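Chemist: Combine both chains into one complex, guided by the hints.
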Amino acid sequence: MATDSCAIKSKRRFPPCRGACPAGVNVQGYIALLQQGRFNEAVELIRKSMPFPAICGRVCFSPCQDACSRKNVDQPVGIRYLKKLAADIEREQGRIKPDPIPKTRKEKVAIVGAGPAGLSVAYELAKLGYPVTVFESMPRPGGMMQYGIPEFRLQKYVVANEIAYIQDLGVEIKTGVKFGKDIQLDTLQSSGYKAVFIANGASLNRKLNVPGEDLEGVLPAVAFLRHVSLKERVDVGEKVAVIGGGNSAVDAARTSLRLGAKEVTILYRRSRKEMPALPHEIEAAEREGIKFYFLVSPKQIIGEGGRIKAIECLRMKLGEPDESGRRRPMPIPGTEHTYEADTVIPAIGQIPETSGLPSVLLDERARAILVDPSTLETRIPGVFAGGDIVTGPASIVEAIGAGKRAATSIDRYLNGKDLRSEREEEIEETTWVKDWEMIAKKPERYTTPSIDIGRQRVSFEEADELLVKIKERAMSEAQRCLECGPCSECLEGEGLCEGDKAVVDETLCTGCNVCAVVCPSGAMKKNEVGIAQVDEELCKGCGICSASCPERAVTMRRITNDQIMTRVLSVLGGGIG
Amino acid sequence: MMFRPRIICFICNWSLPAGVDVASPTTIHAYPKIHVVQVMCVGRVDPAVVLGTFAKGADGVLVIGCHPPDCHYIYGNLQAERKVKMLKKLLSLTGLEQERLRLDWAYAYEIERFPKIIDDFRNLVIALGPSPLAEEKADSNILLNIKAAKAAAEDFRLRVLVGRERELTEKENMFGEKISQKEFDVLLHEVVEAEFIRHKIHLLTKEKPMSVKEIAAIVNMKPALVLRHIVNMRRKGMIALDHVDRTTLLYKALEVQ
Ligand SMILES: Cc1cc2nc3c(=O)[nH]c(=O)nc-3n(C[C@H](O)[C@H](O)[C@H](O)COP(=O)(O)OP(=O)(O)OC[C@H]3O[C@@H](n4cnc5c(N)ncnc54)[C@H](O)[C@@H]3O)c2cc1C
Ligand code: SF4
Ligand code: SF4
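Heads up: the sequence lines are chains A and B, in that order.
Position 346, counted from 1, in the first sequence is what this note's numbering calls 346; the numbers after and before it change by one each time, with no gaps.
Position 29, counted from 1, in the second sequence is what this note's numbering calls 29; the numbers after and before it change by one each time, with no gaps.
In case anyone wonders, no lab produced these hints; they're calculated from the structure.
Source: prediction; values computed, not measured.
Do not take every clue at face value.
With a cut-off of at most 16 Å between alpha-carbon atoms, the simulated EDC-like pairs for lysine to aspartate or glutamate come out as follows [claimed, not checked]:
hint	chain 1	residue 1	chain 2	residue 2
1	B	LYS56	A	ASP562
2	A	LYS469	B	ASP119
3	A	LYS469	B	GLU110
4	A	LYS471	B	GLU135
5	A	LYS471	B	GLU110
6	A	LYS501	A	GLU537
Looking at chain B on its own, in the form it has when it is part of the complex (with noise of 0.2 Å):
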């Protein structure tokens, strides 16, 4: 049978072309291909949402905004950009292949882009065939990846930092310092890479108690890195000691409120 992609376009109110029925998702006439999903602002589009999609096994998230520089929220669609961004990155992290995000813009009444950015995508996704999460066979190890990556998405420090991208690199902080969008980016690389890492090992220790070597054998990390981690999470509140075996320290993961 053909491979019918499960494609979630996250819209913005203002790129929807007149005409698509978004009330009643399952009849959707004009796009047939995708399932529409509505937002005021592309920027609303919460990063731990697109991640909860594609926990969910859909085979593709394209979020669709207004052209920049116009936004009907002045830089909305921007902060969309930050997001997909930083998403790209925390998903290269889980085995799901990146490319199944998607940003791109479109305005509302442009009746032949729309549908072609449709295509061009739908294509891509039918290319990498359907998501190791789709339902019943769904990947055991890239879900927790992906389980990780929410995590982190909803953790303060990712948000933070995406959030205050504009600001650090454009204005100064009160020292008189600037971050320079390079300087910025490698930063999120590694809030994201340890962000991620955290909170996989956060869900790991929730199942049960589990050694610095059990688990940087599942993460494919050297004990020491893990170790740190697992200081840094300590602190956080976010691990404790569970007991020792012999003289194994075993860690098990607290509820984070």
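The following block holds chain A by itself, in its conformation from the complex (with noise of 0.2 Å):
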């Protein structure tokens, strides 16, 4: 693909991986740092780019994953995995504490809502050195990893400790401070705050909109979940009926089995093909003993007493494929049945909440923030907004996306730059294909060890020992890794390769073609006449070529023979035994 045409595009090219992550992690630069059993820096090469690798490695939909090329192969190298693996050695043995980031800008910042969007913003621009504010209405920060994802996906020690580390950073964040109510547009403005960044999510359930709906023993997911979190009592009863097909409907059945419900079951208008939720999650539980009932919808919900008795239902059949590209649901008249339930969760998705907003940031029905998509302005000069109060309900990784986007532009907006141009988030992924058929196959590396070092209870020695073992797992994993992009950019100053380049010395070249022929990257080619050229977009740095160019005209630019040979004398000059 051509690229010179397009001006914003930058040269630069990223592995799949990375060009599929809305936050841009330079996963290929980890897995190198893994591969040596870097686990430390492994992790902070994830901050890097994002605030929550514990988080992620545990409930990311890993499009990462999705799109690596070692599937060409046998399967995608257990990216998420080894992310979680990676976070969680390193806070079980002390998180590295960061030191406090002067704040060298005067600007202030505020930002609404502690959730995955609200809380990237805040880490982003405080490295920069900005003073940073969170305003967030609940009682924790996290958003949705706090008070949605459940603990028994998500811990929620661990959101806490990455979220310490963004207040170690000196991000300050205030809870129980309601945007709309406590705090509005113009006294955040009035009281020196030169940008707001607005991520206060999609909580709101959406309705049925059937008869019934208000009985009580009729629990909105979301808020089922948030009561849940907090510790609140709550009565589930003996018969759940969850409905929906999401992340939120598994996660409130799973829940509810958890709280003693003796039958749950997730009804779902369209087949199991169609469910939103992540495929592993929807197999666990399965496992755990969820039952599905498909192609059906609610019409009523029928109560006695003013307790749920049951759901009055209508079967579904699949129609055309819809705008989404799955296929529409119709009822199919005459085929009302009633399911019998003391609970009902309707899971049917989140809409923003967005009645305490000032109306000139909604759209025009209102239902979320109107945002420039690449700078994610909104009407209102300063007032960025990201996150599912803007996409409507999405994932963590998007509204890391979008807070690193926002960041960037705040940082733009207050130092009086462009906003527009030469962003990061248009690079383009790698072009380079490798010989997939020069590739061993070694699928059988693939595991996800079901050892969890958090809850076994082992000795000292033992729990070392194991640590080894899943160490050295964890390194082979990282093997299969294909190394997609030129480099891995975990690199420069980290003494792993020294972003080398091939130089040709184009008075010394013959064309012989025997760097092109030894080069892994296909990053050696001929000019018109005949002389060797590096593609330094393509070039690893390896110096296969200057090791074996027969003219010697082919040297690196910064490990050359001369230097390695220094190397040599230097060590054994050093005379020791």
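Modeler: If you want it as structure tokens, here you go:
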């Protein structure tokens, strides 16, 4: 694909994993560090692009893994698992405590909502030296990571630990402050905040719009999960019907089971194939004994004495695909029947709460905040927004991505710079494709260890041994990475590679082509007159060409043969035994 | 005093176990028995550098890369294997034991295997004893041979052959022919021998002009064969007739650019 015509796009190329990650995490880079067993450095590298390695290692839907080139050989690299492991090891062995970043900027920035979007902006801006305050209405920060995703998937101490890292950097989080009630846009501006980022998420439950929805025993999923995580008493009765097919439906179902429900069924109007929840979460739910009732939709909730007795349902069939590409469910007339339940949990999606927001910010139907998709500016200068409040319910990593994008915009805005030009997000992925046939298959290495260090009761010695084993396994899994990008960019100054590149002395090159034959990256090509040329975007700096060039016309920018020889001499000269 | 061999270990960036401190080569704690020189890929180890290392008196050279078929650079490790094969052929002509060079594979996480490789090799080198080129008492004949080998390893012919081995043996050439691995090895052997002798002659005649007979005596070869090499070398501009001493022709090396 020619990129030259497109001015915005940088010519740098990323590997598919990084290209697919909304937060632009340098996957290849941390995998490279893991290959060498440099676990903590790997975590620090992830933190360069986002503050939530352990959280994403657990619950991210990992588009990186879906994009991983290794799938062309056998199976994708187990990226998410590796990330979780590295982050867990670091946390358990004592998290790196960063020094607070000196506040070198005087412009204060206010952030509304301490979910992943808001916290990411705070994190990025704090790193740039801005004083940042996050206002959060709930008692604890974290947004859906704290009050949505249940404990058994995302332990709260993990969330707390990663937020503490952000606070260590000097970000101030004020909880129990509600925007629209305790603070307003104008009060923020008048108290000296030069920019505002709004990320209050999507936490209202979408209504079923059927009669009986207000009966006692109808527990909208988001509210239900929030009550549970606030450790409030929630009675789910014996027979629970969850309505919906997304993550919140599956989470609500699995949570109900843990609260003592005898029978939990997920009622979904399409079939299993169309369920938007993460496949491994659906499988986990199945393993736990949750039932599924597909192609069914509630028509009304029937009560008796103020409590739910049953749901009147209608069978559905799938019609033509709709705009989301999934087949549209259509009711089959005359199939009304009742389904007994004590508790009904509607989980058909969340919608942003826009009621407390200034109406100029909203789209025409007041369903979300309207922003410029690339800069995340709202209609009011200096006010930005991102995350679920803009997109509707999405994902953590997308919220982080939005946060990063907004942070760049806010920094540029406060510096009076152009918000639009040369944005990182525009970088293309690598176009270099390997010869898949050349690569040995080793799917057998792809193992998701069942060992959970935290959970087992083991002696210190055993724990140590276990850790060594786990690390070895992770390192061997990391070895499966094909290093698709020309450079993993973990490297500079970290001594892993030296960001080296080959250079051809054109006066020596005879065009014998040996360099092109030995180059693993396809970076050596001949020009019109038959002289070798290095494509620096593809060159990985391995130096094989330099060690092989018959005319010794190829040298390296940084590590030349002479330098290697000097190293040899320095160690030989050392004369120790 | 016990012999403490000086071993240089060229190791690829990706095989080096975590914790081996290469930044300060004199204080390698984990593996005090070797001197580690880290490179991006073992395929990056230039044969001339290996021979240079021997010339400086190293008792052994250990090259460690990722297990095939893994390699961060697809087949950099196999490139190294070819280079080492060629080097061993060259070494066997020099009088320095070719066992002093070894190639082995390891992954960074093979925490147990790594020290084993090193101990094995170290024991072998101890058994071989100090290198005849170890500083003060360097054997001048072997040193000359190593220098000749190094020059051969820097020469176009050997490098093309090694660089192209895979291509030559796995793909057909433009005439639809394919060289078998066996044929290739024979060819490589011939070229190694020829290049070694030529570079040795070149080094000898650099010192002073020499006759075919004199050279033949030193390299222990039939004069007719030496003459054939000289003809070839003249064509390549490596050597020229210096002067004629009565009926004897004396040759002197030319500076190769
Ligand atoms: C049950 C469930 C399961 C999920 N599972 C996954 C998953 O497995 N993987 C995944 O990637 N994503 C998952 N998601 C989606 C993910 O959690 C969200 O997309 C993400 O948290 C959005 O981030 P955000 O910062 O935009 O909003 P939120 O996380 O919702 O954060 C918004 C914050 O703003 C605060 N706030 C709201 N109004 C105000 C106000 N007026 N003043 C001050 N503060 C306010 C809220 O209290 C909250 O802390 C799940 C969501 C749910 C509900
Ligand atoms: S093989 Fe490695 S670099 Fe390539 S996509 Fe997968 S994780 Fe990324
Ligand atoms: S250094 Fe490696 S990647 Fe770069 S041109 Fe040479 S052989 Fe190719």
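Chemist: Confirm or reject each hint.
Modeler: Here's how the hints hold up against the structure:
no.	hint	in the structure
1	B:LYS56 / A:ASP562	14 Å, holds
2	A:LYS469 / B:ASP119	24 Å, violated
3	A:LYS469 / B:GLU110	11 Å, holds
4	A:LYS471 / B:GLU135	43 Å, violated
5	A:LYS471 / B:GLU110	11 Å, holds
6	A:LYS501 / A:GLU537	9 Å, holds
Hints 2 and 4 from the earlier list are contradicted by this structure; the remaining hints agree with it.
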